[in-house]
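Engineer: On the provided structure of chain A, position chain B as indicated by the hints.
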Amino acid sequence: MIALRDILIFAGLAALAAAVIASLFPAGEGVSAVPACSDCAFKLTGGYWIRQYGNYASFHHGTREMARYGWAYIDGFPLRIGEIMGCDPMYVHVLDGIAYVSCSGGDGPTFGRGVLNSPPWAVFISADPSRPGCTYVINAAVNESATIQLYVYDESGRLVYSASSPSPATFTFSLPVAGTYRMRIYAPPLLDQWYTLQARVSITASKAAVYTSDNTQDLRSSISLKIFDLTDYWKRGYTSVTVRINPAGASFTLTAPPNAFADYLLAWEDCRSCPCDATQDLYKDQVWRLTFTPSGPVLTRIHSQGGYWHEVYADGRLIYTWKKSGPKNDRYTGTDPTISVRFVSEDSSMNAEATFTKICAWR
Amino acid sequence: MWSAAYGLIALAVVAFVTLYAAMHTPNVASANLADQLYNAKKWTAGNLTSLPRTDNPAHFAVSSGNIVEVKVVNIAVSGGTFPVQLPTGYKLSAKSDNLLYELYLNIISCKPATLHGGAAVTLYVVELRHSLSQLPWLEVYAAVPRNVTRYYSWLYNLYTVWGRPLAVGLDPRVGADVNAGLVELVKAEWALVYDAASGTTKLYAAAPPSAPYILVVDYPLAIPLACP
Chain A
878 MIALRDILIF
888 AGLAALAAAV
898 IASLFPAGEG
908 VSAVPACSDC
918 AFKLTGGYWI
928 RQYGNYASFH
938 HGTREMARYG
948 WAYIDGFPLR
958 IGEIMGCDPM
968 YVHVLDGIAY
978 VSCSGGDGPT
988 FGRGVLNSPP
998 WAVFISADPS
1008 RPGCTYVINA
1018 AVNESATIQL
1028 YVYDESGRLV
1038 YSASSPSPAT
1048 FTFSLPVAGT
1058 YRMRIYAPPL
1068 LDQWYTLQAR
1078 VSITASKAAV
1088 YTSDNTQDLR
1098 SSISLKIFDL
1108 TDYWKRGYTS
1118 VTVRINPAGA
1128 SFTLTAPPNA
1138 FADYLLAWED
1148 CRSCPCDATQ
1158 DLYKDQVWRL
1168 TFTPSGPVLT
1178 RIHSQGGYWH
1188 EVYADGRLIY
1198 TWKKSGPKND
1208 RYTGTDPTIS
1218 VRFVSEDSSM
1228 NAEATFTKIC
1238 AWR
Chain B
20 MWSAAYGLIA
30 LAVVAFVTLY
40 AAMHTPNVAS
50 ANLADQLYNA
60 KKWTAGNLTS
70 LPRTDNPAHF
80 AVSSGNIVEV
90 KVVNIAVSGG
100 TFPVQLPTGY
110 KLSAKSDNLL
120 YELYLNIISC
130 KPATLHGGAA
140 VTLYVVELRH
150 SLSQLPWLEV
160 YAAVPRNVTR
170 YYSWLYNLYT
180 VWGRPLAVGL
190 DPRVGADVNA
200 GLVELVKAEW
210 ALVYDAASGT
220 TKLYAAAPPS
230 APYILVVDYP
240 LAIPLACP
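Going down the list, the protein sequences come from chains A and B.
Heads up, the first sequence is in our numbering, so the first residue is 878 and it goes up one at a time.
Heads up, the second sequence is in our numbering, so the first residue is 20 and it goes up one at a time.
No lab work stands behind these hints, which were simulated from the structure alone.
Some hints here could point you the wrong way.
[To be verified] Computed footprint of chain A on chain B, listed as stretches where at least three residues anywhere in the stretch have a Cβ under 8 Å from a Cβ of chain A:
no. : region
1   : 38–50
2   : 116–126
3   : 139–150
4   : 237–243
[Stated by the list, open to error] Partner residues are not named here, just some residues of chain B that face chain A (Cβ under 7 Å, in silico):
no. : residue
5   : Ser22
6   : Ala23
7   : Tyr25
8   : Arg72
9   : Asn75
10  : Pro76
11  : His78
12  : Ala80
13  : Val81
14  : Ser83
15  : Gly84
[To be verified] Each computed DSS-like pair below joins lysine-lysine, with the alpha-carbon atoms no more than 30 Å apart:
no. : chain 1 : residue 1 : chain 2 : residue 2
16  : B       : Lys221    : B       : Lys61
17  : A       : Lys920    : B       : Lys60
18  : B       : Lys114    : A       : Lys920
The structure presented is a predicted model; accordingly, all values stated were derived computationally and were not measured.
Glycine included, C-beta positions come from ideal geometry on N, C-alpha and C.
So that you can see chain A by itself, here it is in the shape it has in the complex (with noise of 0.2 Å):
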């Protein structure tokens, strides 16, 4: 018993004797040191400050300096020189020497800034005039689970297509008739867009002029080809047409084609100077009509004449000629998107061409 309770004295004031002695060291006299490193991390608790001086920052402890570092950066920003800043517990990340602290704990500093571009919403869109009418493609996307809605509708507000899909989304749809049409992509309350689709046929012509109504003129000089555009008409309702084509007024009467996405009447003048007879038989000598339907460009012969022989060229392929011999094809079927047509007189100067592309644009 006595000897336990010697062996407890003893033990108690040796732990006594070591408390007093190792008290001395953090409270005191002895506060831990501040590690220099160039990369590493660490935390301080106790009464340390940082001062940035012109070429290097110290950590201080009371009036001691306890370490330096290259430069001191709180939460991602630089201190001035000058600058004193502290709190407790500070956090400190130093790397390639430079002291990066933190009073809030976290992660400490971030390398490397984000660089990937999210916006909340995208859409692309592509368009394909090789395929019938024009076939748009359209990709939409928000980044949150939406519904997409998609509506288009023509020159007179009508509703052609109406379609909604979860994001991401891809929508496909033609447009059969040429024309400008408005679409609107809708997905509240991320995404709400207007585009204008513009489907349409582009004519690059020598010696040709396009009309989208009679023309009676006699233009011989400069135009041997006229181009009479009627897909309005068939978009407006009607059923047939009657064309003007000459100063007698001879006219040709088109009946509406169906699922057509354009269609054109093409009358050419094959003589520059002929004293035709009272100007009745001008533009008449070649007169075809150029149909874009879902198949392709169509030509079709309505009416021929002439006292010159000609050639009607599609594509750079002869398929008809007159008063001479060779192919007498009365219908050429071409492919998307493109068609050319060339007619070739006895009279060189009439020689007229006219190519056709669709086009399927938006913006």
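Structural biologist: For chain B alone, kept in the frame of chain A given last:
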């Protein structure tokens, strides 16, 4: 009794002092950015083949990371026609302690070009964005089949076995391609060009026209990119 109490008090004082000292002594952990970068890239490399893929460019644009953009094209071989996925864009993101590793790669265009020596090549123009300003280990390789016909019939066989479109360079693992002895990796000429007007960096790489894809290597990460 009293001495026992003295002993316990002394022990308590010792425990307090020890704990106090321990709490106030900085516990130093090493921070190594290079290791963090390597780990992030290694993680990305290990997950590259299993990342989600999309053929919808809008979906790719709004995604915030770790997604592959593919384009599906049909390839004709003697046995028939089969679809393959061509990887055309990547959004990769990995976080490792203090480091954010993000890489954005997207093919802008592919065009035929001629080198100074007269060799015909395909010029890959790739938009490149990187979360760290530097790419210390960037290398570009072109994957050239030793025998183009054999390579595509091998792809066709894989397609018939798997029954789904496979991604060129990505799907049968890039290494597997090389090991099968069908593809040889040759160094491709490349250049990084920073365009201040648009603030984008473009990677130009010239690969032989027969190469089905190029490999952009940020070691240990190797990213296949193919031209549609």
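Engineer: Next, verify each hint and record whether it holds.
Structural biologist: Hint check:
1. 38–50: holds (count 11)
2. 116–126: holds (count 8)
3. 139–150: Coverage by chain A holds here, the residue count being 3 at a Cβ distance below 8 Å.
4. 237–243: Contact hint for the region 237–243 of chain B vs chain A: violated, 0 residues under 8 Å.
5. Ser22: The hint holds - Ser22 of chain B has a Cβ within 7 Å of chain A, the shortest such distance being about 4 Å.
6. Ala23: holds (5 Å)
7. Tyr25: holds (4 Å)
8. Arg72: violated (12 Å)
9. Asn75: holds (5 Å)
10. Pro76: Interface hint status for Pro76 of chain B: holds (5 Å vs cutoff 7 Å).
11. His78: OK, holds: His78 of chain B within 7 Å of chain A, min 3 Å.
12. Ala80: holds (4 Å)
13. Val81: holds (4 Å)
14. Ser83: At about 4 Å, which falls below the 7 Å cut-off, the nearest Cβ of chain A leaves the hint on Ser83 of chain B intact, so it holds.
15. Gly84: At 5 Å from the nearest chain A Cβ, Gly84 of chain B passes the 7 Å test, so the hint holds.
16. B:Lys221 - B:Lys61: This hinted pair holds, its Cα atoms lying about 24 Å apart.
17. A:Lys920 - B:Lys60: Satisfied, since the Cα-Cα distance of roughly 29 Å is no more than 30 Å.
18. B:Lys114 - A:Lys920: holds (22 Å)
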